[in-house]
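*Asks:* Single-letter residue listing:
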Amino acid sequence: MLRLGTLFWIGLAVIAGYATIQFKYDVQALERELVQLDSKILRHQEAIHVLNAEWAYLNEPARLERLSRRHLDLSPLRGSQILDLASLPGRAAGEAEPVLPPSNAPNDGGRTVPARKPVRAQLTNAKAVQ
Amino acid sequence: MKRERPCSPFHADPEPEQFRQAIRFDGATKQALETGRTRLLVASLLFAAAFLIVAGRLVSVAMLTSGGEPSIAEAPRAAQLETERADIVDRNGTVLATNLVTASLYANPREVPSPRAAAAALSKVLPELKQEEIEGKLAADRSFVWLKRNLTPKQQYAVNRLGIPGLSFQREERRVYPHGSLAAHIIGFTDIDNHGIAGVERQFESRLAEEHAPLALSIDIRLQHILREELSRSVHDFNAIGGAGVVLDAKTGEVLAMVSLPDFDPNEAGRASADTRFNRATLGVYEMGSVFKVFTTAMALDAGVTSLKGGYDASHPIKVSRYTITDYHAKNRWLSVPEIFIYSSNIGSAKMALDVGPEGQRAFLKRLGMLSPVALELPELGEPQAPAQWKELAAMTIAFGHGLSVTPMHVAGGVASVVNGGLKVEPTIVKREERLAGERILKAETSDSLRRLMRLVVERGTGKSADAPGYQVGGKTGTAEKAAAKGYKRNALISSFVGAFPMDDPRYVIFMAIDEPKPNKESHGYATGGWVAAPAVKRLVERMAPLVGIAPVKEEEAPDAASALLVAVKAD
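Sequences listed follow chains A and B, in order.
For the record, in the first sequence the residue sitting at position 20 is 20 according to this note's numbering, with numbers rising by one throughout.
For the record, in the second sequence the residue sitting at position 360 is 360 according to this note's numbering, with numbers rising by one throughout.
Worth flagging that the hints you see were computed from the coordinates, not collected in a lab.
Careful, some of the hints might be misleading.
[To be verified] Heads up, simulated EDC-like pairs for lysine to aspartate or glutamate below, C-alpha to C-alpha not over 20 Å straight-line:
#, chain 1, residue 1, chain 2, residue 2
1, B, Lys154, A, Glu46
2, B, Lys148, B, Glu135
3, B, Lys319, B, Glu392
4, A, Lys40, B, Glu82
5, B, Lys154, A, Glu54
6, B, Lys554, A, Asp84
Pulled out of the complex, with its shape left as it was, chain A reads as follows (with noise of 0.2 Å):
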């Protein structure tokens, strides 16, 4: 009985002495690969870093202004291309009050939803009255 109790106990101590040191093992290798992750968040902060001044100078209005011109068909909004919902043609007098979007359509405060997207043809007429 004596000689078992003691085997026990060794054993519990080997298996104990182990896993010490596998956990130790385990940590300074979690370790390690924290101090990998945390330098490349630094250079990754460094790279944003880097993107973020590259995008500031891509943005440059003149820049901007310039890519437009060459590649877009369009030109600055003026004033009188504003116009409100009354004013709008093929309206009559007494049904300025705007149509309000169908009832399952998100009601953000009043302000109506247009129904669809603007389409660009409107710019082209636009054109050919200037």
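Start from chain A and add chain B according to the hints.
*Replies:* Below, chain B alone, put in the same frame as chain A:
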């Protein structure tokens, strides 16, 4: 044998017959034995207590977790990128100035195996380096030479690819201004060691060096671009030597855009000339001419010396000692106060100022901030030049903007105070969250009258070409002859326009001044504020209004300033 205790082992009989004699010790020995036993007992009790404490602590640590300890281990905070100097951003967060990490290339010539081959390869990837020069550096018997500072990442990669031993990089930071010259006079620039030596960089040196959060300015880079473009167009069209422009939020005093032309690229500030680095908008002081009539009229109306229905005789020039005050757009008749304002009559304004008196005028302009540098957060602030003798003659000339020199920022701030309801505006270059309650300078009614008068100038007076349809621009033109060594130069003008819109509740104040414009064909030989600066303001308003979300008002719905004033403005 009969045993007294049947369950105890036989040999453990405490006093078996045969040993009874043998284990009986005499006194001294027994005493020693007893002492030993007691000591053993005390020691074992102590050990037992110690083990009990250890066991108890073990249980308490392992099983009964106390509240103070986190159940999950805390990882050390991930490292944050910290540049030597904080970024500067505009009011919308666009980066205006930032620090970029660059690499500087140096070499240990003793480790470079073949200077000739290395120099040849390097000059191929870095064309700006001369091959002979590098070869000389690399052949030197030293252990350190700089080859090139601040390489781009691409250049660094290219050098690394060469795989030449003995070359290394030093990590450095460099201040970069992605928008180039766009806001050069506001942001300023730094020296090679990243210390601010002009503009915001200098003003906020310790803030930028110590804190890491970006510094948000009041500038809107989009408006800045529009202002710069329209101003430089006028400067170019009229062949002027420079210009200054300011866009101010009339309520908070935030500077939304500020341009001084000619300008420079802060990325290469060392190469900029003194003239381009000079900030005409805050450092240059000029006699502003008729835009000052805004202040004169406000002062006279507020003091009650005249009213919108009052007027002055402007049929004859005023002669004071050797000076003669005449009208540029002379009408040679009695003029009502609105007429004096919209036709920019010097005679009428001078008489108005005389009615208030030199002392009253001086006190008023002082309260408006015209006699001290503006409280703007920039190191480049001009000191106004006021006459030493503020007598009647000075009062009359200052009434129409001569004799007192101020910066364009003074005019913009002063007009903002006049049109916003009469509360003093302190211009600021830093983003301000809420409106600061300024000191009251004018009665609300006076401010209202001035708003109508300024609208009238654009509707029917000298500022017609500033009328951006629908946006109710109001303003006042100004044309001042530049002071020379003796008297004034007739052909060297500062032509300006100060405006605000929308005039029923002004949100933005705009001031543009063109330095020495020359007349061109389109302006029919004129180079006055109405011909030079007013159209630029119109273009600016038309472009900025949709950006800042101001909807145009239909002409027929816009209030008519003239009828609202209930005064007869005679058409010519």
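*Asks:* All the hints need checking, so say for each whether the structure fits it.
*Replies:* Verification of the supplied hints:
1. Lys154/B / Glu46/A: 15 Å, holds
2. Lys148/B / Glu135/B: Given that 20 Å is the threshold and the Cα spacing comes to 14 Å, the pair holds.
3. Lys319/B / Glu392/B: 12 Å, holds
4. Lys40/A / Glu82/B: Between Lys40/A and Glu82/B the Cα gap is close to 15 Å, so the pair holds against 20 Å.
5. Lys154/B / Glu54/A: Holds, at about 14 Å.
6. Lys554/B / Asp84/A: Holds: Lys554/B and Asp84/A sit about 10 Å apart, inside 20 Å.
Figure legend: structure checked against the earlier numbered hints; every hint is met.
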